[in-house]
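Asks: For reference, the chains in residue letters:
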Amino acid sequence: MDKAAKQGRGRRAAVLLGAAGVLFVLFLVSLTLGRYSVPLTEVIRILFHKLCSIIGLDRIWPMRVTWTAFMENAVVNVRLPRIVMAVLVGCSLSAAGATFQGVFRNPMASPDILGASNGAAFGAALAILLGCSSRYITVFAFVGSIITVALVFLIAQRAPGLRVVNLILAGIMIGSLFSAGTSYLKLVADPSNQLPAITYWLMGSLSGVRHEHILPAAIPMALGLIPLLLLRWRLNLLSLGDSEARALGVNCDLLRAVLILCATLVTAASISVSGVIGWVGLVIPHLSRKLIGSDNRGLLPCSMLLGGAFLLLVDDVSRNLLQTEIPIGILTAVIGAPFFIYLLLRKEKTL
Amino acid sequence: MMLSVRDLTFAYKKTPVLSGVSFDAEPGELMAVLGPNGVGKTTLFRCILGEQKRYKGMIAIDGTDLRTLSTRETAHRVAYIPQTHAMTFRFSVRDVVLMGTSHTLSPLASPGREQERIAEEAMERLGIEGLSDRSFDTLSGGEQQLCYVARALSQQAKILLMDEPTSSLDYGNQLRVLNVVKDLAKDGYTVLLSTHNPQHALWYADRVLALHNGSVAALGPVKETLTPALFETLYGTRAELCETPGGSVILPVSNKPNGGEMK
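So the sequences go chain by chain: X and F.
Counting the first sequence from 1 gives a position; the working numbering is that position plus 30.
Counting the second sequence from 1 gives a position; the working numbering is that position plus 2.
Don't take each hint at face value.
Chain F regions said to be covered by chain X (calculated; three or more residues, Cβ under 8 Å) [unchecked claim]: (1) 79 to 85; (2) 96 to 107; (3) 240 to 248.
Derived from the structure by calculation, the hints contain no laboratory data.
Backbone N, C-alpha and C define an ideal beta-carbon position, used for all residues, glycine too.
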């Protein structure tokens with residue numbers, strides 16, 4: 031391998047390491063933030079103590095408790111699950127966004143291009159209307175999202191003509207069908223309690239996330255993210271278009287189906303716990319592309335790290351800026367749109 | 003590798019495109035595919051690339067029926083060099099060339115040192131290693147074309163299909179690319195090159211495959227095959243073959259009354 035190739039790898043590794051560093055620092059700082067502020071040193075001690083007691087090290091090496099039980103509760107039981115979820119959701123939505131952009135050869139594609147969030151919204155609204163508990167709202171949203179994309183995929187499969195165009199068109203159709211359904215559910219919902227709940231869900235929020243919510247969301251996310259990471263080189267090939275990718279030995283239809291399945295799985299798992307959060311899946315892959323280039327070997331992991339960091343930051347603002355929480359979906363748009371305009375206006379730097 | 007096409011017939015829906023096309027192409031040979039727009043040159047290539055499977059007749063590579071080969075196995079034998087076109091995403095030249103090695107990898111793998119080495123060799127062979135860190139879309143048309151040729155080399159397939167590779171290049175770059183392709187043919191590659199410029203065929207090709215109305219109008223060594231009569235059959239305009247100190251030149255002659263008075 032020659033020097034230039036090594037340099038390229040070195041630069042990629044440096045950007046990824048930097049992104050991981052940003053995420054890590056933000057993670058620790060986020061734990062200190064809240065109505066009850068906990069010093070960073072205490073946060074680190076609490077986490078360390080918790081980690082030791084999980085792996086059984088505390089018996090050999092007991093730690094002096096310098097913090098109050100109130101601090102520990104705030105950090106470990108209130109903030110930690112929410113922060114972990116913010117990172118997971120941001121990471122998933124960005125990975126899905128980067129994948130869809132490659133699959134559809136379009137930098138404007140986002141995770142809900144195939145109607146995933148319309149379906150999730152309909153499912154959640156239906157569950158709220160039926161008076162289900164929050165756990166079932168999540169399940170309904172997840173199933174709604176998967177069903178929508180499955181429908182889109184089946185329709186596109188049957189239609190003659192270009193597969194990619196069919197998918198996008200079917201996505202728009204089915205998506206608007208489900209959003210009409212959601213509008214109807216809002217119309218018939220009880221305006222005193224159900225309608226605000228639906229509206230609030232649609233704006234996206236991570237409030238109320240507990241430890242027991244993490245694993246059911248993390249499993250489908252991992253099931254989608256791991257294949258996406260493994261297939262990231264193939265994603266490069268698919269973004270050349272079917273004809274060229276095929277000549278290079280790629281089974282385009284199969285690869286596209288697997289990528290869409292995985293990206294949909296992570297999107298559905300994300301929005302079913304967080305509600306509809308836009309912009310992350312569009313803006314973060316763009317930002318990452320500017321930092322690390324279009325090669326998905328670097329782009330996908332970079333998007334995941336920065337997506338996690340970005341949503342964590344937004345969630346910190348959401349829970350700390352005002353006395354009442356600001357829905358996270360509003361904030362991602364308020365922060366995302368100007369940022370996107372900045373990216374557009376910034377002078378292009380060549381790779 | 004030996005490419006043989008026997009009685010190839012293809013129709014889109016009910017519109018016949020190719021009928022009864024037969025030819026062989028051998029290693030070390032550059033075959034120019036000529037014919038007017040819409041005659042089926044691209045369709046012929048799509049069939050040989052395994053993209054179109056619903057043809058009648060038989061395409062064989064070294065005696066193996068193309069239909070029995072998987073996409074990956076086909077990529078191992080046949081490489082495609084497209085016209086230059088805009089890419090959606092900005093890949094570096096190195097990445098584009100590296101993509102040629104993909105069929106040697108398992109679907110879940112990314113290229114490693116071995117693939118990097120193959121790509122490096124391909125770029126060095128074409129003298130574009132200096133461009134390797136440039137973004138593909140910042141290259142000139144000629145450089146982009148060479149980059150595609152390098153990708154085909156790193157694919158390590160011995161049959162190269164080029165679909166009007168020079169159509170958007172200036173004169174100097176057209177000849178530069180064609181010289182590279184000619185050298186590859188001499189090194190044992192089997193090259194099929196479709197072109198709208200019969201002059202290129204005259205200068206570079208060993209043999210000519212002329213398609214007209216979906217079937218073979220002429221097939222044979224350039225000198226004997228590419229005549230003013232064939233030119234007129236293919237393009238519906240008269241032509242003249244002139245011998246110059248620099249080689250033969252075939253020129254269209256205007257059908258207008260004052261067309262011949264250019265001396």
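Asks: Tell me, in ascending order, the numbers of any earlier hints that this structure violates.
Replies: 3
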